[in-house]
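S.K.: The chain contents come next:
2 protein chains.
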Amino acid sequence: MTEISSRLEVEDLQQNLRRVQERLAQKLEPAVLRSELELLHPADTAYILEALPLEERLLVWDLVRAEREGEILLEVSEAVRESLIATMDSKELVAAAETLEADEIADLAPDLPEEVVQDVIRALPQEERVLLRAALSYDEGTVGALMDFDQVTVRADVSLEAATRYLRALDELPAHTDQLFVVDRGGKLLGTLPLARLIVTDLEREVGAVMIPESVKLRPEDRAEDAAQAFERYDLVSAPVVDLITGSLVGRVTVNGVMDYIRATSSESQLAEAGLSKEEDVFAPVWNSFRNRWAWLAINLVTAFIASRVIGAFEGSIEKLVALAALMPIVAGIGGNSGNQTITMIVRALALGQIQSSYWRKLVGKELAVATLNGVIWGSLLGVATYLLYGNLALAGVMALAMLLNLLLAAGMGVTIPYMRARFGQDPAVGSSVLITACTDSGGFFIFLGLATLFLV
Amino acid sequence: MTEISSRLEVEDLQQNLRRVQERLAQKLEPAVLRSELELLHPADTAYILEALPLEERLLVWDLVRAEREGEILLEVSEAVRESLIATMDSKELVAAAETLEADEIADLAPDLPEEVVQDVIRALPQEERVLLRAALSYDEGTVGALMDFDQVTVRADVSLEAATRYLRALDELPAHTDQLFVVDRGGKLLGTLPLARLIVTDLEREVGAVMIPESVKLRPEDRAEDAAQAFERYDLVSAPVVDLITGSLVGRVTVNGVMDYIRATSSESQLAEAGLSKEEDVFAPVWNSFRNRWAWLAINLVTAFIASRVIGAFEGSIEKLVALAALMPIVAGIGGNSGNQTITMIVRALALGQIQSSYWRKLVGKELAVATLNGVIWGSLLGVATYLLYGNLALAGVMALAMLLNLLLAAGMGVTIPYMRARFGQDPAVGSSVLITACTDSGGFFIFLGLATLFLV
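Chains as they are written, first to last, in the numbering used here: chain V, 409 to 865; chain X, 409 to 865.
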C-alpha cells in the first residue's frame, strides 16, 4: 500500500486528494481507502471533502470512521458541513457531537437540528453540560464565542516544583498551552505563568513570585475583533477570559481560534462585497446557489430600477441629443469607483478605531479636495474626448462639469454614509458598496442629464 | 501623574489615545508626554501614531526615544511608516534599524532609502549580516520573507536535563518558542521537542527519544499562503524552515508572522477590490491619496469609454426608441453583479486549491444553470415592469431576453476569466472584478441594443 502521510510538506495535500480520486475511480475494496483515510489529519480529510463534487464527497464521507466525524465536521467549511450533515441521521449526529469538547459543540450547534443539540446536551456529563450551556449563550462575534475551556490553572502559593509535578500528572497539555493561569482559591485570576518562564526559573521559587501579574485580559462580552487586534498587537498565543464583576477566570482564547476568526470575517466581507450571502460550496446544487445569491441581485435590481427612472425623467432631452445616452454611463461609473475608494478607506479606518470624532470635518475636507483634483483632471480629459467625438463644445463642458460634481457627490457620500451608520450604532461595512453605488448612479445620471437639459436642449 | 498602562484591557487603547490628545492640546512640558509614551507597548504607540493627523503625529514621533523608533516603525501601517520615515535623516534611520533583528530589518528595508540599508548592513556584526542578506534575498509572498531566526535548537543526544540547563542559561526564551528544534551536528533538522512535552517528561530521558520526528516542514521558497494554510489547518504556533537539498534548519515561522500576513493580504485584496493601490493613511496629503487612486480610475475610464462607444454604435436605435436609454443600464448592472458573484466564488475556491482541473466543465455547467434560473426569474420580472411602464410588448420581450443572455455571458466569463488566468500562471484574483464588469457592461449594452435593433426599430 502506498502510504498517505499526514502533516508533511505542504503540497502533500494535493497528492492526498489525487490519490483519493484515483482510489474512487478504481472502485477498489472500500477497505483500502478507508484505512488510508485513517492516517490523515482531520483537517486534511476536510480539505479532500471540500474539493470533491457532491457525489464523490459522500462516498468518502461514508468511509470515515464514526469517531472522527465530529472533528472533521469542525474543520470543513460551513457550506460543505451542511451537505454532510444533510446525509446523517440524528443518532449519527449525536454520536459525532459527543466526541467533541463543549466549545467545539457550540461551534457546530448552529448547523445542527435543534433536537440533536438537545439530545447532545442531555447526554453530556453535568460539568460539560454547564460549559456547553455557557458556550451556547454567547453571541457570534464576541470573545465568548471564540473561547475554549482548556486553560490549565495553578495556585499562586505553590512552588514551581509542585506546579511541574502537577503538569506531569496531566500527561499531555492542551494545545496552545503557552502559559498557565494563576488563580486564587475562589478562581480569581491573579496572573499568568508562561511555560518558557517556568522552564528557565529555579524550581524552588513560588508561582506567585514568578508569575506576570499584569497581562491582557479579555471579557466574554468583548468584541471578537478587539480580541483579534490584541492578539496581533501583542503577539499572543493565548489570553485569559475573565468575568468583569468577579474577576474569575472563565476560559481562554487561543491564537488558532483568533486566526480562524480573522480568516472567516475577512472572507465574509469579501463575499458580502461580491453579493454572496455566505460561503458557497463550489459544487452546491443550482438551487442552493440561487438562494445564496438572489437577495443581492434583488437589491441591485431595485437600485438599478431607480437609476433607470431618473434617466426616464430626461427622455425628452435624450431624444433631442442622443449622445447623452452614450456618455451618461461614464459619469455614473467613474463616480461609483471613486466613491467606493473613499468608503472602503473610511470603513477600514473606522474598524481599526483610527478615526476620532473630532477629525470627521478634516476627513470630509480632504476627500473633497481629492475629488476636486480627480474631477479637474479626468473631467478635462473626458471633456476633450467628448469634443473630439461629437464636436460639441457645450456638451464637452457639461461632461466635464458633471464629472467633477459627481466625484464631489461620491466623496461627500463616501464619508457621510459610514459616519452616519457608525453614529447610529450600525456596522458601517455592511452594504456600504451598494449604498454608495446607488447614490453615484442615480446622482450621476441626474447631474449629467440635468445639466444637459439646462444648458443644451 | 496619571499612569498610562500598557497591555491591559482592550479599550485602554482609546483611552491612551485620548490622553495623548489632551496632553498635546494642553501644550504642557513635552517631558510629561515623553515619559508617558515610555510606558506604552510599541504596538500601542503605533496605534496612537496611526490615529493622529499628520501634524500631531509628528509632534508625538519627536518625543519617542530613539531606541524605540525601530520597534515602532515595524508596528505602524506602511502608509504611516512612510510619513514617519520621511521626517528622519539617514543617521536616525540607521540608528533605528540597528536596534532590530535581521528579519525585522528585512521587513523595513523596502521602505528605507537604499543607502540607509547599505549603511545598516555595514554596521552589523558578521553573523547578523549573513542573516540579513539571506532575509533580503527572499521574495515577498514566500516563506523566506515570513521567517525569523529566533529558533532555539538542541542536539538529539543530550538528556532533557541537559537541555533544560541549556535553556536556563539562555535566561529568556524568544517569543513564540513553543518547541525546540532538534538538529544533528551538521545542523540538519531531526525533529521537534514541544516545551509542553519537555515539562511533563522524565528529565533523564534523551531528547532524541522524546522528540517528534515527523512534523510540518516549510521551505524558504514555499508560498507564504501555503504556510498560512498549514498553520490554520494544524493549529501551529511555530514551524521549522529547512533547506530543500541539505535538510538543514535555516529559520522558523511563527503564528504571529502568519497572522500579520493573513491580515495584510486580506486587506490588500479588499483594497484592490475597491481600487486602492495600497493601504492609505486616512490623513494622507491630497496628492498622496490621488497617486494611490488614479491608476484604477484611469482603467475604469477606459472600460467605461469602450462601453460608451458600444452605445454610440446604436445611437440610431436609441433616437427612434428613447426608452432603450433608460433600460440599458439595468441589463448591464445586473450582469455585472451576477458576474462578480461567480468570479468571487471561483477565485476563492482556486486560492484554496479546491478546484481540480477535471471539474471545470462541471463548474461551467452549474454556473450556466444558475444564470438561466436567475435570467428567467429576473428577466420575466423586468419584462413585466417594462410592459407596465412603456406598454410595449416587444420591448418587454427584448428586455427579458437581453437579461437572460447577459447573465449567461456573466456566468461564462466568470468561470472562464479565472480559469484562463490560472492556466497562464497569473494570479486569478488581481483585477478580476474590473475584467468581468468590463465584459458585462459592454456585453450588456451590445446584447440589449443589438436585440432592440433587430426586433424593434
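Among the hints, a few may not be true.
Same chains, same names: a pair is fine if it fits in one copy or spans any two.
Stated by the list, open to error - Straight-line distance between alpha carbons at most 16 Å, and here's what the computed EDC-like set of lysine to aspartate or glutamate pairs gives:
{"#": "1", "residue 1": "LYS625", "residue 2": "ASP420"}
{"#": "2", "residue 1": "LYS770", "residue 2": "GLU464"}
{"#": "3", "residue 1": "LYS499", "residue 2": "GLU522"}
{"#": "4", "residue 1": "LYS499", "residue 2": "GLU614"}
{"#": "5", "residue 1": "LYS770", "residue 2": "GLU430"}
{"#": "6", "residue 1": "LYS435", "residue 2": "GLU463"}
{"#": "7", "residue 1": "LYS770", "residue 2": "GLU463"}
{"#": "8", "residue 1": "LYS770", "residue 2": "ASP592"}
{"#": "9", "residue 1": "LYS596", "residue 2": "ASP835"}
{"#": "10", "residue 1": "LYS596", "residue 2": "GLU446"}
{"#": "11", "residue 1": "LYS686", "residue 2": "GLU676"}
{"#": "12", "residue 1": "LYS499", "residue 2": "GLU523"}
{"#": "13", "residue 1": "LYS499", "residue 2": "GLU548"}
{"#": "14", "residue 1": "LYS625", "residue 2": "GLU490"}
{"#": "15", "residue 1": "LYS686", "residue 2": "GLU612"}
{"#": "16", "residue 1": "LYS770", "residue 2": "ASP547"}
{"#": "17", "residue 1": "LYS596", "residue 2": "GLU483"}
{"#": "18", "residue 1": "LYS596", "residue 2": "GLU569"}
Calculated directly from the structure, the hints in this document are not laboratory data.
S.K.: Indicate, hint by hint, whether the structure satisfies it.
M.R.: Hints versus structure:
1. LYS625 / ASP420: Only across copies: LYS625 and ASP420 sit 11 Å apart there, 39 Å inside one copy, limit 16 Å.
2. LYS770 / GLU464: between (58 Å within a copy, 13 Å between copies)
3. LYS499 / GLU522: within (13 Å within a copy, 66 Å between copies)
4. LYS499 / GLU614: Answer is neither; intra-copy 50 Å and inter-copy 47 Å both fail.
5. LYS770 / GLU430: For LYS770 and GLU430, the Cα distance exceeds 16 Å both inside one copy (62 Å) and across copies (18 Å).
6. LYS435 / GLU463: Cα proximity of LYS435 and GLU463: one copy only (14 Å, versus 70 Å across).
7. LYS770 / GLU463: between (57 Å within a copy, 12 Å between copies)
8. LYS770 / ASP592: neither (50 Å within a copy, 61 Å between copies)
9. LYS596 / ASP835: For LYS596 and ASP835, the Cα distance exceeds 16 Å both inside one copy (34 Å) and across copies (51 Å).
10. LYS596 / GLU446: Classified as neither: same-chain Cα gap 42 Å, cross-chain 30 Å, threshold 16 Å.
11. LYS686 / GLU676: within (7 Å within a copy, 21 Å between copies)
12. LYS499 / GLU523: For LYS499 and GLU523, the Cα distance is within 16 Å only inside one copy (11 Å; across copies 69 Å).
13. LYS499 / GLU548: neither (27 Å within a copy, 49 Å between copies)
14. LYS625 / GLU490: neither (35 Å within a copy, 33 Å between copies)
15. LYS686 / GLU612: Neither way: LYS686 and GLU612 sit 55 Å apart in one copy and 54 Å across, limit 16 Å.
16. LYS770 / ASP547: neither (36 Å within a copy, 38 Å between copies)
17. LYS596 / GLU483: neither (33 Å within a copy, 33 Å between copies)
18. LYS596 / GLU569: neither (22 Å within a copy, 34 Å between copies)
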